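As given, the protein sequences belong to chains A and B, one line each in that order.
Going by our numbering, the first sequence opens with residue 1, and the numbers climb by one from there.
Going by our numbering, the second sequence opens with residue 1001, and the numbers climb by one from there.
The hints are simulated quantities; they were obtained by calculation from the structure and are not laboratory data.
Possibly wrong hints are sitting among the right ones.
[To be verified] With a straight-line cut-off of 30 Å between C-alpha atoms, the simulated DSS-like cross-links for lysine-lysine are: (1) K130/A to K46/A; (2) K252/A to K1287/B; (3) K1269/B to K1324/B; (4) K1287/B to K1013/B; (5) K1286/B to K1269/B; (6) K1324/B to K1286/B; (7) K46/A to K1324/B; (8) K7/A to K46/A; (9) K1269/B to K1287/B; (10) K130/A to K1013/B; (11) K130/A to K1287/B; (12) K1021/B to K1287/B.
[Unchecked claim] Which chain B residues face chain A? A few, computed with CB under 8 Å, are given here: (13) T1002; (14) T1211; (15) R1214; (16) L1247; (17) E1252; (18) T1325; (19) T1337; (20) N1341; (21) S1345; (22) I1346.
Fair warning: this is a prediction, and the values are worked out from it, not measured in the lab.
Each residue gets a CB set at the ideal place from its N, CA and C atoms; glycine is no exception.
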Amino acid sequence: MDYFEVKERDGPGRTGELRMGGESAETPLLAEHTRAGVLLGEILLKESGTAYHPAVGDTAPDYPSPLRADERVLAELEERSTAAASPEHVAATVHGGEDVGLRRRAASALEGFPLLILGSAPALDASPRKLSNVVPAVREAARPDAAIYAPGLALPWSVPLLIYAGIDLLDDSAARIAAARNTYLERDRASPLEELEETVCPCPACLDGNPESFEGLLRHNRATLETEVRLSRAAVARGQLRELVEGRIRTKPWLVAALRHLDENRDYVEERTPTFRRSEMLACGEEALRRAEVTRFAERMHGRYEPPDADAAVILPCSAGKPYFTSRSHSKFRRATGDRALEIVLTSPMGAVPRELETVYPVAHYDVPVTGHWSEEEIAWMTTNLENLLGGREYGEIVAHVRDEGYVEAVKRVEENLGVEARYTSIDNHPTSDESLADLEEGLRGFRTDIDRYAEGTRCVADYMLGKGAGTALLDGAEVRGRYPSLRVERDGEVLATAVPAYGSLAFTLRARDVFPSDYVVEIEDFVPMGSVLAPGVVDAPEGIRPGDEVLVEGPSATCVGRARMSGDEMARSRRGVAVDVRHREEI
Amino acid sequence: MTVAELVRELREKRRERERPKDPEEPSAHWPGTDRVGHDVMTSYTVILRTRGCRLASGSGCTVCGYPFEGTGGVGAREVRRQLETALADAPDESLYLKLFTSGSLLDEWELPVDAQRAVVEALRSDGRVARLSIETLPGFVTEETLSRIDGPYELEVATGLETSSDAVRQLCLNKALTFEDYAGAVEAARGFGADVKTYVLLKPPFLPEPTALRDAVRSGIDAFDAGSESVSLNLCNVQRGTLVEHLHRRGEYRPPWLWTAHEAVRRIKRYAGDRLVISDPVASGKKRGPRNCGECDDSAARALERFSLEQEPSILDGADCSCKTEWEQRLLLEEHTHHPNPLTSIDG
Chain A
1 MDYFEVKERD GPGRTGELRM GGESAETPLL AEHTRAGVLL GEILLKESGT
51 AYHPAVGDTA PDYPSPLRAD ERVLAELEER STAAASPEHV AATVHGGEDV
101 GLRRRAASAL EGFPLLILGS APALDASPRK LSNVVPAVRE AARPDAAIYA
151 PGLALPWSVP LLIYAGIDLL DDSAARIAAA RNTYLERDRA SPLEELEETV
201 CPCPACLDGN PESFEGLLRH NRATLETEVR LSRAAVARGQ LRELVEGRIR
251 TKPWLVAALR HLDENRDYVE ERTPTFRRSE MLACGEEALR RAEVTRFAER
301 MHGRYEPPDA DAAVILPCSA GKPYFTSRSH SKFRRATGDR ALEIVLTSPM
351 GAVPRELETV YPVAHYDVPV TGHWSEEEIA WMTTNLENLL GGREYGEIVA
401 HVRDEGYVEA VKRVEENLGV EARYTSIDNH PTSDESLADL EEGLRGFRTD
451 IDRYAEGTRC VADYMLGKGA GTALLDGAEV RGRYPSLRVE RDGEVLATAV
501 PAYGSLAFTL RARDVFPSDY VVEIEDFVPM GSVLAPGVVD APEGIRPGDE
551 VLVEGPSATC VGRARMSGDE MARSRRGVAV DVRHREEI
Chain B
1001 MTVAELVREL REKRRERERP KDPEEPSAHW PGTDRVGHDV MTSYTVILRT
1051 RGCRLASGSG CTVCGYPFEG TGGVGAREVR RQLETALADA PDESLYLKLF
1101 TSGSLLDEWE LPVDAQRAVV EALRSDGRVA RLSIETLPGF VTEETLSRID
1151 GPYELEVATG LETSSDAVRQ LCLNKALTFE DYAGAVEAAR GFGADVKTYV
1201 LLKPPFLPEP TALRDAVRSG IDAFDAGSES VSLNLCNVQR GTLVEHLHRR
1251 GEYRPPWLWT AHEAVRRIKR YAGDRLVISD PVASGKKRGP RNCGECDDSA
1301 ARALERFSLE QEPSILDGAD CSCKTEWEQR LLLEEHTHHP NPLTSIDG
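Work out the full structure: start from the sequences and follow the hints.
Put into structure tokens, the structure is as follows:
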């Protein structure tokens, strides 16, 4: 049985296992071209060639298509190629050139194949717009468990981005062409070998002497590509592919452009990006502001967050330590505010974070260079989110306990936009100085002090995870115990949910089944899942489910609660892979 | 078919920019040297201006830019004038005259019967022509049409098969012709006592380099099997107003490597034995023509020309360059990627 099974997801990038002809290979991988065929790890994929002069092989013979041509030509070649594919082959080529509609048509028509070859992929090199249109179109239209192979496209500097964009298999074409041209590939450049003073690479081919023969240079060039593929694979497993990509794209403007275009295709990236995880999120460049994690936080906060009942609001600066409450500065702030106000933390790239959500992913997981200088984009982003948090409700006092120009600018804009006035308590002094803190305390004099932080935090996190109202349902007749942030919700001595600070989420038990709205209920066939629910066992799953979300699993024979490993769409359309890691189950 | 539509549109767009042609002036004429059997003959090529290829009046081939050579109003009188002008510059000796139109000389739609007769009369009275080669689509080759142009010379029918694959000819070339038509024409020509020279095209659009090589070799062999006396390998170049140009402008077509042409000729010759395999590398080394790395284009093209005259495979073995490694790699890779690998950012 030939198949592709996705293991881990990190945005559109993923790791998986490709199994063909009894051999298996881990993706992402670098395919090697040999006379006998294409080596995908241990798998030898025999080429059938084109439909004009086909040979006996594993791939469906295609009608090669250009990337750029009149759409009628692209349509004709796509149609013929798709029609030429037959079930005796394990891989087929998705044509359609730059025409996204044609690519979708081909990818969905070829859905039976575990391996899809991206036609005219070589021409996508250095074409950021086309790349970020074509790859998502193919991934979306193909079944989620089809591996995507883009031959002739990878260069060392583009590998992480290509994998992040959604390609599972790349190849060593560039290593061969470069070696044939006596060109030495490095992570960020290609240089004529004769112009290099020294080869700095410690790969065997370089250490064994100068890689002057074609074979030696090929070995080095391939190792350079292979390294990037392996780094990307490890980064997916670690949940930090985006960090690798944002670092690597700096060397070529077209790669930066490609990532921006991909981010503009937000739904594609967001659907595949985990909601809760333990990896650190590093915001080292402006692209971080457009990460799905960041925009999703703002979106969920806007749609799901219901602030605690407070008559005053305090705006605070962020802290290097996360969650904020663990930092020295915030413990001073907390003493001064004394649970008397809605607390909002201004920060980049998260924008504005209410105290109640300080433990969720990625608020508790990000790091950002702090210089006191803020870009216009960052200020605008903080403004938007602060305005959303403060709008729609009147506060007796808004205290702005911020000093950095960027923070102050954001607050001033919100004052103007909402027609409110803030009291600045830290204009000239350091926010943690005794005078500032005293001023802060003074600003809140007379406001109520009865906000139950732990209960409110738990309610808001539950809302953030499952939607408005979930938190209230969870806390109904229940109490919150434990030491913040390791809280748990109990009702009649039974645990409903436990906070998992490492993931920035709550882990629910079956006692909390009524808390789950239908948006987070996965319907399965008639069986009792053991450790996990596999995708083929899923009857249907709501579209809004993301990898990392808590879900309730319901079937005729069992009810379970657990963490989604894939999106709802992937659960519904995949033939393989773990859909949900089951934490608790109950036979019916 | 959609490719056909596009070919027609591109052609019409280009045609608007063409200046009208003088029906009394031939398109071109030039002297040369060609191999005929075991001899080398002085040749003279004349391209007559006619109404143009009948196929091109509908849609036409994806590679062919000759339709713009056509003009209206070419009758017997005009053709006579054209031949007069052309032959005035021909060497005063026994000639192998290669007479082309930008279509089919035997097609009376293109060149009326009395004009065809006028050609024969002119050649008969000129007296220098020992061997006449005329170019035509296979469909027009019958005993009747051939007898119209018969005269006191050996007759050779040159016909563009391009490829023996009907799929390639239909989709990549948009040429309305089947291999069966071609085989019938070869039989008719041979029955009439004429020789057949078959044009095979190296690298139609949409074919990766290794497929193009395989297609050309297969086609050459099939042409000989059908009874052709010689095979001429045409190396595709980028002509104006064509689909190939449309692709080339977008970086989606690369003319064949000269190494591919060497390899194709070598393999076809291996099968041909004593029969002629020739190739004239038109536009070699140019951006729009067959080429290697730029360093060796000239020597590789000269080797093809010498081979065409001497038919000695060792001439091809003499040509070499460091870019052959890249060509070999590209053949291997395109076998698997089915696309000309630009990898544009490898150099910058």
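Now the hints, each set against the structure:
1. K130/A to K46/A: 29 Å, holds
2. K252/A to K1287/B: 28 Å, holds
3. K1269/B to K1324/B: 21 Å, holds
4. K1287/B to K1013/B: 23 Å, holds
5. K1286/B to K1269/B: The given pair, whose Cα atoms are some 26 Å apart, holds under the 30 Å limit.
6. K1324/B to K1286/B: 18 Å, holds
7. K46/A to K1324/B: 25 Å, holds
8. K7/A to K46/A: Cα-Cα ~26 Å, so holds.
9. K1269/B to K1287/B: 28 Å, holds
10. K130/A to K1013/B: Given that 30 Å is the threshold and the Cα spacing comes to 27 Å, the pair holds.
11. K130/A to K1287/B: 26 Å, holds
12. K1021/B to K1287/B: 27 Å, holds
13. T1002: 4 Å, holds
14. T1211: 5 Å, holds
15. R1214: Since chain A brings a Cβ to about 5 Å from R1214/B, closer than 8 Å, the hint holds.
16. L1247: 6 Å, holds
17. E1252: At about 4 Å, which falls below the 8 Å cut-off, the nearest Cβ of chain A leaves the hint on E1252/B intact, so it holds.
18. T1325: Where the cut-off is 8 Å and the nearest Cβ of chain A is about 4 Å from T1325/B, the hint holds.
19. T1337: Holds - the Cβ of T1337/B comes within 8 Å of chain A, reaching about 4 Å at its closest.
20. N1341: This hint holds: N1341/B lies near chain A, its Cβ roughly 5 Å from the closest one there, short of 8 Å.
21. S1345: 4 Å, holds
22. I1346: 5 Å, holds
In this structure, none of the earlier numbered hints is contradicted; all agree with it.
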